[in-house]
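Enquirer: Sequence:
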Amino acid sequence: RGGSTETGRALKYILRKGFPGGRNSSAPQVLIIISDGKSQDSTAVPAMQVKERHIMVFAVGIKFPRWEELDVLASEPTEQHVLFAGDANDAANGLYSTLTASVCSTTAPGCKVESHPCERRTLETVKELAGNYTCWKGSKQPNAVQTSLCPFYRWKKVLIKHPSRCFRTVCPDPCDSHPCQNGGTCVPEGLHKYHCLCPVGHGGDVHCAPKLSLECSVDLLFLMDSSAGVTLEGFLRYKAFLKRFLQAVMGQDSPVNVGVAQYSNSVRIAIEVGQHKDVFSLTKSIDALNFSGGGTLTGRALQYISQHGFRSSPAFAEEQDNLPRVVVLLTDSKSQDSVAEVAKHARDQDLFLIGVGSSFMRAELTKVTGSPKQTIVYSDPQDLFNRIPQLQRRICSVDSPEGCQAQSLDLVFAVDASAGVGLENFLRLRGFVRSSSLHFSINRDVTQMALVVYGSRAYTAFALDTHTSSSALLQAISQLPFLGGSASARTALLHIFGDVVTVQKGARPGVNKVVVVLTNGGGMEDAAAPAQQLRHNGVLVFVVAVGDAQRDVLLRVAGSPDYLVHISSYEDLQYYQDLIIERICEEAKSPVNLCKPNPCMNQGVCILGPGSYWCECRGWEGPHCESRVLRGDSPRPQVVPLRSPAQWSSGDSWHFSRASWHTKRH
Numbered sequence: 001r002g003g004s005t006e007t008g009r010a011l012k013y014i015l016r017k018g019f020p021g022g023r024n025s026s027a028p029q030v031l032i033i034i035s036d037g038k039s040q041d042s043t044a045v046p047a048m049q050v051k052e053r054h055i056m057v058f059a060v061g062i063k064f065p066r067w068e069e070l071d072v073l074a075s076e077p078t079e080q081h082v083l084f085a086g087d088a089n090d091a092a093n094g095l096y097s098t099l100t101a102s103v104c105s106t107t108a109p110g111c112k113v114e115s116h117p118c119e120r121r122t123l124e125t126v127k128e129l130a131g132n133y134t135c136w137k138g139s140k141q142p143n144a145v146q147t148s149l150c151p152f153y154r155w156k157k158v159l160i161k162h163p164s165r166c167f168r169t170v171c172p173d174p175c176d177s178h179p180c181q182n183g184g185t186c187v188p189e190g191l192h193k194y195h196c197l198c199p200v201g202h203g204g205d206v207h208c209a210p211k212l213s214l215e216c217s218v219d220l221l222f223l224m225d226s227s228a229g230v231t232l233e234g235f236l237r238y239k240a241f242l243k244r245f246l247q248a249v250m251g252q253d254s255p256v257n258v259g260v261a262q263y264s265n266s267v268r269i270a271i272e273v274g275q276h277k278d279v280f281s282l283t284k285s286i287d288a289l290n291f292s293g294g295g296t297l298t299g300r301a302l303q304y305i306s307q308h309g310f311r312s313s314p315a316f317a318e319e320q321d322n323l324p325r326v327v328v329l330l331t332d333s334k335s336q337d338s339v340a341e342v343a344k345h346a347r348d349q350d351l352f353l354i355g356v357g358s359s360f361m362r363a364e365l366t367k368v369t370g371s372p373k374q375t376i377v378y379s380d381p382q383d384l385f386n387r388i389p390q391l392q393r394r395i396c397s398v399d400s401p402e403g404c405q406a407q408s409l410d411l412v413f414a415v416d417a418s419a420g421v422g423l424e425n426f427l428r429l430r431g432f433v434r435s436s437s438l439h440f441s442i443n444r445d446v447t448q449m450a451l452v453v454y455g456s457r458a459y460t461a462f463a464l465d466t467h468t469s470s471s472a473l474l475q476a477i478s479q480l481p482f483l484g485g486s487a488s489a490r491t492a493l494l495h496i497f498g499d500v501v502t503v504q505k506g507a508r509p510g511v512n513k514v515v516v517v518l519t520n521g522g523g524m525e526d527a528a529a530p531a532q533q534l535r536h537n538g539v540l541v542f543v544v545a546v547g548d549a550q551r552d553v554l555l556r557v558a559g560s561p562d563y564l565v566h567i568s569s570y571e572d573l574q575y576y577q578d579l580i581i582e583r584i585c586e587e588a589k590s591p592v593n594l595c596k597p598n599p600c601m602n603q604g605v606c607i608l609g610p611g612s613y614w615c616e617c618r619g620w621e622g623p624h625c626e627s628r629v630l631r632g633d634s635p636r637p638q639v640v641p642l643r644s645p646a647q648w649s650s651g652d653s654w655h656f657s658r659a660s661w662h663t664k665r666h
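Going by the UniProt record's numbering, 270 is the number at position 270 of the sequence shown; the sequence numbering is gapless.
Just so you know, these hints were derived from the structure itself, not from any lab. There could be a bad hint or two in this list.
[As the list claims (entries may be wrong)] Quick list of in silico lysine-lysine cross-link-like pairs, PhoX-like style, CA-CA up to 20 Å:
#1 Lys161 to Lys127
#2 Lys38 to Lys112
#3 Lys284 to Lys334
#4 Lys156 to Lys17
#5 Lys344 to Lys367
#6 Lys193 to Lys156
#7 Lys367 to Lys284
#8 Lys38 to Lys193
#9 Lys157 to Lys112
#10 Lys243 to Lys277
#11 Lys157 to Lys127
#12 Lys193 to Lys243
#13 Lys505 to Lys596
#14 Lys157 to Lys193
#15 Lys38 to Lys17
#16 Lys112 to Lys51
#17 Lys334 to Lys344
From a predicted model like this one, the values you see are computed outputs, not experimental measurements.
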């Protein structure tokens with residue numbers, strides 16, 4: 001309205017007119033004064049009269065207020081009724097907090113009012129000495145003047161800060177506790193409720209809780225190290241682990257047949273496979289096992305088990321003969337005889353070997369199992385019991401397809417085709433990509449795959465939405481060219497970020513994205529920054545390095561040891577394929593941020609909603625700001641609903657140009 005600031009007159013108006021349209025005196029009356037606190041009339045008396053009528057007064061100062069006047073206007077205690085609106089968000093938060101505490105008397109369940117140190121600021125005009133200058137003064141003598149030094153002042157605006165305490169209401173997000181397990185995505189519904197979008201296979205529980213029961217039909221034999229190397233304490237720990245595992249995974253009608261053997265210098269089958277069908281009898285027999293001591297002859301034990309471990313008793317012969325045979329080796333002591341050849345022979349006899357041991361046993365256990373994927377290591381005794389779900393998954397993976405056949409995933413392979421790798425090794429890397437692709441279901445609804453080849457420059461061999469079948473994908477991989485020259489992983493990762501994992505290039509919002517870099521470690525020195533940029537935008541970077549490369553450089557690019565596989569030679573690459581694919585598939589189950597990477601095109605801003613997102617467009621419109629607005633039109637934000645993978649049908653597609661994008665005006 002302009003004009004002068006007369007806060008006192010405004011208060012007198014309230015005293016005279018009251019609250020127009022207000023209810024009776026049973027409802028609290030709250031007056032909020034928004035002012036810079038620089039009234040040109042007196043406010044003390046009318047402010048006192050307002051508060052005498054039991055009207056609660058909040059004084060909100062804007063810009064650079066006069067705090068003394070705001071304190072006069074506000075109700076007591078002033079620290080809870082004087083607010084500052086220099087920052088609109090904090091002012092709204094603080095006002096809500098104070099109204100909640102003072103008027104409604106309680107905060108929302110789970111929320112709390114917190115105080116925090118802050119500053120009150122005011123801009124005041126002060127008189128400042130600028131210096132002394134020559135001036136003329138009158139003299140007692142007629143027709144004469146006197147010179148002297150006179151002080152010279154100037155007026156200056158000064159920002160004055162006053163330490164204070166501010167208040168804000170903090171309410172927990174229902175998803176802060178990460179209630180969804182097994183990679184389920186938590187979707188908040190207001191302040192207190194949420195629901196979990198569960199991966200395929202975990203939808204039976206509201207929290208996607210793991211299904212630990214052994215629902216696979218297998219013959220399972222536990223081979224326990226009872227030698228002096230594992231010590232009595234270690235043997236008792238394995239007994240406790242075995243009992244807890246069976247109690248966790250075996251139900252009343254479990255289809256698994258369990259046996260237990262122990263070894264040192266010799267082997268003894270203490271519980272025949274299938275001898276007991278209930279947990280109580282199994283645990284009672286395990287309690288009766290005694291520590292034997294002696295040498296650690298793991299190779300002899302594996303040889304004996306492959307010949308005699310699964311001899312079926314007549315009662316179980318018919319049902320056991322056709323079941324997969326699984327051996328779980330529990331050891332924490334290096335073998336005193338050779339294990340590699342014996343273990344290979346056992347695997348050739350269709351025994352599925354799983355090794356469980358402490359971290360320093362990893363190399364030997366991998367020789368036994370033939371694959372890092374089937375090796376389970378623990379860091380300390382308590383960590384052993386945390387491996388129960390992992391062991392359950394390994395046992396039941398014996399008769400299940402490899403890869404992420406039911407997981408939605410956008411997967412990008414970046415292959416180093418530089419001279420440092422060489423043509424022969426490049427062909428091995430190309431073959432690795434080809435064989436790895438067979439573990440995924442390639443189509444628009446499950447897994448999309450892109451392939452980038454790089455030397456000093458990067459090229460997209462095919463984009464995420466180029467191929468919709470495995471046959472077409474395999475043919476395209478076989479045509480991947482060798483480039484030669486120097487290697488620049490930085491260039492490749494920047495190319496992937498800007499030109500591969502984008503909506504316009506076929507990337508799907510709400511789907512996890514993984515980049516696998518296959519390299520000899522060359523040209524990785526300056527790749528950490530673009531790798532971090534990808535991770536910041538929701539894209540996992542997985543580094544597979546072959547040969548003699550600097551591990552610290554590789555770790556900076558991978559971001560974590562969990563996403564780095566360092567292999568000694570190209571010939572050994574094939575043995576790590578299962579492990580790499582398993583890590584990729586675990587990432588496919590992790591929660592997804594719908595706005596990372598940004599699905600909006602043409603500088604559109606992605607805004608999250610409950611279970612959905614929309615693009616705020618400027619000069620463009622459409623679900624992803626892909627259509628330019630014609631003159632005279634105004635852009636409309638489009639809401640894109642979130643669907644779980646289980647809701648996708650074969651006719652649907654996440655590609656933005658297809659009819660499956662259902663939009664509505666927000």
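Enquirer: I'd like to know which numbered hints this structure contradicts. Please list them from smallest to largest.
Expert: 2, 3, 4, 6, 7, 8, 9, 12, 14, 15 and 16
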